[in-house]
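Undergrad: Below are the chains, spelled out letter by letter.
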Amino acid sequence: MSTIAGIDLGTTFSALARLNGIGRPEIIPNSEGERITPSAVYFEEDQDGSIRVGLEAVNCRQLDPERAVRWIKRHMGDQDWKKSIDGRDWTPQEISSLILKKIKQDGSIESSISDVVISVPAHFDEARRKATMDAGTLAGLNVVGIVNEPVAAALYYATTQSVNGRVMVYDLGGGTFDVTILDIDGQQMEIICSQGDHALGGVDFDNKIVELFEEAYRKEHNAELIENEQDRAKYEDEAEDVKKTLSRRDSVRKMLYGAAGSVRVEITREQYEKAIEPLIARTEMLIDVALEEASSKVSDIEKVLLVGGSTRMPVVQKQLTEKFGFEPEVAVNVDECVSLGAAIHAGLTLLRENPKKVDSGIATGLKKVQLKDVCNHSYGTICAPVDEETGRHVIRNSIILQKNTPLPCEATQTFYTMTDGQTELQVTITQGEDEDPDFVNKIATEVFELPADRPANQPIHVQYSYDANQRMHCRFLDEQSGRTLEVEFCAGDNGQMAQAEIQQAAKELNSVKVQ
Amino acid sequence: MIEIIVAGCLLVLTAIAIWFSPLQAYLLKIFPALDRYEFMCRVQQFIDESLPSGSDEFFRIQIIGRIPTSHDQVKTDVQVEVWDVTEGRSHPQQVLSADEQYRCGQNAEFHSVKDNGVVPKKFSVLAVWTTVAQFPCQILRFAQRGRRKLMFCITVVDAESGREIIAAQEFAEYVYCNDGYREMHARRRDVSRSCVELAAFSLGTASSFSSDIKALWSEWIRQKSDIGMSVEEAAKMVGMIERAVSGLTAKKSSETLKAYGESADGFLAMELALETAALSGTVTAEIFNRLSQVAETLGIRNDRFLAAAQKILLASECRIQEPSCLLGIAPEMDEQSFRKRLTEEYRKWNARVTHPDPQVRQQADQVLTLIADIRTHRLQSCS
Chain A
4 MSTIAGIDLG
14 TTFSALARLN
24 GIGRPEIIPN
34 SEGERITPSA
44 VYFEEDQDGS
54 IRVGLEAVNC
64 RQLDPERAVR
74 WIKRHMGDQD
84 WKKSIDGRDW
94 TPQEISSLIL
104 KKIKQDGSIE
114 SSISDVVISV
124 PAHFDEARRK
134 ATMDAGTLAG
144 LNVVGIVNEP
154 VAAALYYATT
164 QSVNGRVMVY
174 DLGGGTFDVT
184 ILDIDGQQME
194 IICSQGDHAL
204 GGVDFDNKIV
214 ELFEEAYRKE
224 HNAELIENEQ
234 DRAKYEDEAE
244 DVKKTLSRRD
254 SVRKMLYGAA
264 GSVRVEITRE
274 QYEKAIEPLI
284 ARTEMLIDVA
294 LEEASSKVSD
304 IEKVLLVGGS
314 TRMPVVQKQL
324 TEKFGFEPEV
334 AVNVDECVSL
344 GAAIHAGLTL
354 LRENPKKVDS
364 GIATGLKKVQ
374 LKDVCNHSYG
384 TICAPVDEET
394 GRHVIRNSII
404 LQKNTPLPCE
414 ATQTFYTMTD
424 GQTELQVTIT
434 QGEDEDPDFV
444 NKIATEVFEL
454 PADRPANQPI
464 HVQYSYDANQ
474 RMHCRFLDEQ
484 SGRTLEVEFC
494 AGDNGQMAQA
504 EIQQAAKELN
514 SVKVQ
Chain B
145 MIEIIVAGCL
155 LVLTAIAIWF
165 SPLQAYLLKI
175 FPALDRYEFM
185 CRVQQFIDES
195 LPSGSDEFFR
205 IQIIGRIPTS
215 HDQVKTDVQV
225 EVWDVTEGRS
235 HPQQVLSADE
245 QYRCGQNAEF
255 HSVKDNGVVP
265 KKFSVLAVWT
275 TVAQFPCQIL
285 RFAQRGRRKL
295 MFCITVVDAE
305 SGREIIAAQE
315 FAEYVYCNDG
325 YREMHARRRD
335 VSRSCVELAA
345 FSLGTASSFS
355 SDIKALWSEW
365 IRQKSDIGMS
375 VEEAAKMVGM
385 IERAVSGLTA
395 KKSSETLKAY
405 GESADGFLAM
415 ELALETAALS
425 GTVTAEIFNR
435 LSQVAETLGI
445 RNDRFLAAAQ
455 KILLASECRI
465 QEPSCLLGIA
475 PEMDEQSFRK
485 RLTEEYRKWN
495 ARVTHPDPQV
505 RQQADQVLTL
515 IADIRTHRLQ
525 SCS
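First to last, the sequence lines map onto chains A and B. Quick note, our numbering runs 3 ahead of the 1-based positions in the first sequence. Quick note, our numbering runs 144 ahead of the 1-based positions in the second sequence.
Each hint can be trusted.
Subject to a maximum C-alpha distance of 30 Å in a straight line, what follows is the list of computed DSS-like cross-link-like pairs (lysine-lysine):
1. A:Lys-211 - B:Lys-455
2. B:Lys-484 - A:Lys-406
3. A:Lys-306 - A:Lys-277
4. B:Lys-455 - B:Lys-368
5. B:Lys-484 - A:Lys-211
6. B:Lys-484 - A:Lys-277
Source of the hints: derived by calculation from the structure; they are not laboratory data.
With the rest of the complex left out, here is chain A (with noise of 0.2 Å):
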């Protein structure tokens, strides 16, 4: 039996973990013995079709910055963004599956990886969740199901402590920030609410110290400090270790070179802190949207748990610690945390879509793990109401199934044809919560042919229900005639590659060496 594993497909390090013999997940280290593998790719020049990946292509990335690729998740689910290498396209899929392949490929020295779960934020869309199985399937992983990171760190957590209560899982990554409200009893989850920002991590944290290292520059040499990408990567990972030592000293000193001479720069913990500001404000500000959601008081949360790198930073732990007037949990390994929860998510899906192919041992320890999961994003159509205030029909987004309603769900609008003799209905279903459809996502378009000679107001019932393997069913009928029309798809099946496609570049990816 193949391993059943969990990844954690993080913006700056990635992670693996597997169930082992009586469910109990553990990380299996990459081929250098390191626990997590930096998400980063570097194509090498001279020699013919190797990749490196993880933290040599850290390294060399600063020989060459146009050949590198570093927070690739970042563009996830981007059909506009390329990278362009030796004459060949990348999308940010490929790239990902050359991490998830390396990744792949050093866990698989005692046992072939097969059956994995991907982590994803919570807030990622249809698009991105497909772009990031896509990349497991091009990286020759049988991807069973998508996660979102808090919801996988709660997991790992309530299996391994002992918790009861409100939790709140404050999960700020390497680029993205979730912040996910549960109800945890024992080994009972129960999902209230995800909320997410989708530009918001360590990367921006550290792009606050080069803008403090420019200015420095600016000031001592009235010149610019970095001219050219190769400057910028230098400095982008010069940033990420003085934000790193800003966390257990309370200043650094660093040497900046630049092409107007040199210059001694120290940077306090108090000085990072006020220019990182605005971005701790994003967090609390996520912090107050996801407590409304959930409807509850800052008072009602009963343990913070915090997850991802980025949590290290002080003021991170200082600012929660006066918002809630108790210490946040750092109960469980804030890098690993989601890989080993996504492994146990990864036996769950098993246990539910092909028991058979579950060890009896690991079924065993997952036996009392429970998971009731949430709706990530509200699902709509697009309609023509009349406006109250100008009495003019409007384009707008009618909500159907609303956000972090408990999954399996289904619920039912009605909405009538417009005009005499109407023999079409263009259904378009929507993925966000605005009313105004510039701004949100069209997911799926149909014709909906409806019989001839008719007046209008015609009854049409739409119907959206969401079942616990992320599989969305809608359901378009009409009174009268009693035709429907059927629209069915999985986290993701809306995404920009074709299954044709996915086996094409699976197939060329596959002679692909990722060292």
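On the provided structure of chain A, position chain B as indicated by the hints.
TA: Same frame as chain A, now just chain B:
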């Protein structure tokens, strides 16, 4: 004397012979009054009490008499046209139809064509009053409101060749209780003008307007006024507004707009003012206040004004001098309302940060950074 009597008798006999000969048709054409079966039409107004008030009044058009076709078995149609001749037959005004069924192609003028069946013989007579058209009075649109004198023109035509066979006219009176299309046209003009005036007002009455702004207004007048204004007319209106800019007030223009426009016009005016502000390059605090004032006088709710302002101004390349206004933050807000307002905005823009459109994503990123900066500065200054 005898000769005269004989000649008279011969004349009478000839006339009788002609009357009963095939030449009779020509004779009747020359002297239709001689025909006791003269072709005639009549217009009746009736009320169908089974229908709801407002749509219960109908015109019924009927014809009777001879239809002098050139040969037997002619397929015929009946055309009905209506003219408003209140100002005299020499100044007829068009009567429009609100129902496409009573129009000819794209033309909005009232026009009804109905199949009149086959006329069996070339001098057949329609012996009883026959209804050839019946339509609700409410579909008719007149130039002006009030008592209208209508001229109904009924023409029987050869269905194949389209050639006129015979025609008749009848007059009727009708009281039109709605605004006439000419009155509405004039009001739409006023509404359009008011919209542009409000846009001009929002930039400040001392402003001179760039060619881009004037082009926007001209195009807007042409596109949105619904009265088919030409480029020259639109430019003329813009010129007039520009000359009168110093006397503009939000109140006066809003009142005109509210009196003559529909409620949607207020939103159109708001959008135009915002687009104008976006084109001005920099939206100063004063301009934003004026925009807000315009929204208020138009009775537009603040949340809708802010949503439109964010959508239009952030999508443009203009610089916003006081971005906190755009987020609905007022300096006098207490801390709790300030936090609540910012959190609401944060929630909204954070959901847009993963939008498929890179422009929306970029906007969302910018606004989130802005929100965080505003919050940091405000709370710092409070502490």
